[in-house]
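Turn these sequences into a full structure, and let the hints guide you.
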Amino acid sequence: MAVFKIGKVILRSLFKKPATLMYPIKPREWQERTRGHIEINEADCILCGICAKRCPTLAINVDKAARTWTIERMLCIQCGACAENCPKKCLLMKPDYTSPDVVKVTDTFNIPDAEKKTEKTSAGSGAAPVCDRETCIYCGICAKQCPCNAITVDRKEKTWEVDENVCISCGICVEKCPKNSLKID
Amino acid sequence: MSDKKYMVQEFVAVESATLLEYMKDIKAEGYRLAQICAMKKEGDIELIYSFDKDHLMKNIRVIVPENQEIESISDIYWYAFIYENEMHDLFGVKFRHLALDYGGNFFKVSEPTPWNPKE
Amino acid sequence: MGKRTIIPFGPQHPVLPEPVHLDLVIEDERVVEAIPSIGYIHRGLEKLVEKKEYTEMVYVIERICGICSFGHGWGYCAAVEGAMDIKVPERAEYLRTIWHELGRMHSHLLWLGLLADGFGFESLFMHCWRIRETVLDIFEETTGGRVIFSVCKVGGLRKDVDAKTLEKMSGLLNGIKKELQELTDVFLEDRSVKNRLCGVGVLSKEEAEELGAVGPMARASGVAQDMRMAGHGKYLELGFEPVVETDGDCYARCKVRLREVFQSIDLINKAIDEIPEGDIAVPVKGNVDGEFITRMEQPRGEAIYYAKGQGTKFLERMRVRTPTNANIPAMVKTLQGCDLADVPMLVLTIDPCISCTER
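Chains as they are written, first to last, in the working numbering: chain L, 1 to 185; chain W, 1 to 119; chain X, 1 to 359.
Worth flagging that the hints you see were computed from the coordinates, not collected in a lab.
There may be inaccurate statements among the hints.
Okay, derived cross-link-like pairs now, DSSO-like style, lysine-lysine, Cα gap no bigger than 30 Å in a straight line [as the list claims (entries may be wrong)]: (1) W/K40 / X/K285; (2) X/K164 / L/K16; (3) L/K179 / X/K52; (4) L/K179 / L/K89; (5) W/K58 / X/K87; (6) X/K52 / W/K53; (7) X/K51 / X/K285; (8) L/K183 / X/K313.
Just so it is clear, the structure is predicted and the values come from calculations on it, not from any experiment.
Right under this line is the structure:
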């Protein structure tokens with residue numbers, strides 16, 4: 001007949017400091033990998049719109065004409081798909097949460113104009129892709145995946161063309177080609 | 001290498017007229033009913049009954065035209081009433097001789113048969 | 001013969017953990033019959049398959065339930081990988097097993113706390129949840145989220161864990177083991193706890209097989225059924241055996257879950273010793289064609305995942321059958337003949353998760 005078996009645990013916790021945090025009066029210490037909110041590095045963004053396509057809740061909106069990048073904070077589920085798929089790696093996942101509020105917050109960032117192609121410091125080279133006609137099968141996947149519709153492919157006529165003025169060198173066509181026939185130098 | 005029992009996929013097609021006989025045979029062999037799944041096709045509803053014994057699975061596929069009634073198996077497996085009531089509320093499948101019939105009130109939905117909407 | 005009254009045990013009640021509605025027919029404080037009804041939080045998540053591509057559907061399926069979240073993500077990915085015939089690398093399988101066992105630990109610790117709260121022992125409830133906080137901190141350090149992880153994808157995993165973090169995890173788990181040993185004595189030996197749990201809601205072995213019970217509910221009645229023996233993950237390589245008790249009352253179910261927490265700690269330590277180096281994902285191209293049905297052992301029992309593709313980016317049908325759905329008939333049967341004061345204990349012993357049942 002055992003009674004009050006929890007006595008030892010309770011006596012010990014009388015003399016220890018409390019296990020709870022005085023949040024939000026004392027700020028919380030976040031871990032390194034915590035998925036809190038998304039931030040953008042405006043100087044590197046090329047407005048390709050891939051993040052908007054990959055977002056499962058359609059929280060990101062990219063306006064090419066007005067050169068803005070908008071995110072609705074309350075729709076974002078912090079999955080990290082946009083940060084993984086960004087070709088210039090300008091989206092970052094920061095550890096602190098969006099604070100609760102009474103109105104829905106939408107953040108808009110202005111993307112500065114692109115500098116001259118020779119001064120670009122980010123990883124892209126500014127050149128358009130080149131197609132190897134020996135291995136290309138004219139399937140058209142590169143044309144479908146291009147966010148700027150810069151590539152035209154005709155299967156019957158076996159033609160492949162790229163509009164160099166529209167191309168932003170994001171590199172998606174190179175990644176998606178099933179025969180690895182595209183290259184950006 | 002371990003024996004991957006979960007990779008075994010066995011699907012058998014059965015007519016709805018001979019369904020009860022098949023169920024009685026399966027119960028005698030010692031199988032346990034695991035789930036019933038409904039899927040909407042053109043003008044028909046396809047039901048998949050899954051059974052399990054010793055961690056091996058066996059699946060039965062039955063195709064029912066939309067407004068036809070089908071025999072309930074709750075005489076043989078009493079706990080099938082949960083799945084059959086859910087399918088009646090969501091897809092509109094009609095069951096005969098249900099052991100515990102909620103008459104459409106099991107799931108509280110705002111419009112009748114939401115997964116099989118009548119245009 | 002006394003007078004019969006019907007008491008509605010509604011979706012909202014201070015002692016009820018989940019929004020299920022029971023109509024109890026009672027006669028002088030004994031329950032004669034119980035009729036369940038559900039449907040208060042049906043969200044229709046399976047129908048979203050028509051709008052979200054199969055790579056994005058993981059985020060929806062993970063959010064079916066907060067407690068068994070990793071199991072749902074892994075089950076969906078396993079069903080789609082089976083339909084597309086993809087083989088996941090070894091390191092990914094080991095990491096998935098480790099995260100799944102951590103999920104089982106935190107779910108059982110949550111349940112132990114709720115059980116203690118159910119019979120009024122609030123300080124035991126708080127101590128169980130204090131131990132659970134360590135597990136949630138481990139999750140945040142390795143995956144980035146405390147409850148929803150977003151770390152499983154079709155083809156493998158999205159994040160890797162390095163060896164230093166795994167060593168730290170092992171140390172923290174051994175600390176949990178020591179603290180939990182003290183609380184086990186309270187649950188299993190204390191006289192006031194045993195008065196509430198022993199002999200309540202007995203389910204014999206024949207009844208458990210006849211009613212199709214799954215999970216710890218069936219294992220506490222002597223049925224040795226555990227989907228981890230079916231071969232997914234790395235359980236058979238780590239030498240896993242199901243935990244079985246024979247009494248079939250609430251005390252036996254509590255003992256099964258406590259023993260499973262200790263077994264999970266041992267499995268994780270073994271997996272950390274044996275994990276190989278390598279990739280964590282394979283690239284996935286193309287669409288889903290064909291069907292596949294697979295099963296997982298969630299903390300609450302057996303969950304079935306059925307995926308059917310139709311050759312496009314969208315799946316045709318995704319069906320998740322969760323363990324509470326199969327345990328409700330067993331609960332209805334144990335409620336017949338019990339006292340009115342034992343009804344919350346019996347509803348708690350099946351470990352209900354109504355948001356899983358109604359998706």
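Hint by hint, here is what the structure shows:
no., hint, verdict
1, W/K40 / X/K285, "holds (28 Å)"
2, X/K164 / L/K16, "holds (29 Å)"
3, L/K179 / X/K52, "holds (28 Å)"
4, L/K179 / L/K89, "holds (25 Å)"
5, W/K58 / X/K87, "holds (23 Å)"
6, X/K52 / W/K53, "violated (35 Å)"
7, X/K51 / X/K285, "holds (19 Å)"
8, L/K183 / X/K313, "holds (27 Å)"
Violated hints amount to a single one, hint 6; each of the other numbered hints is respected by the structure.
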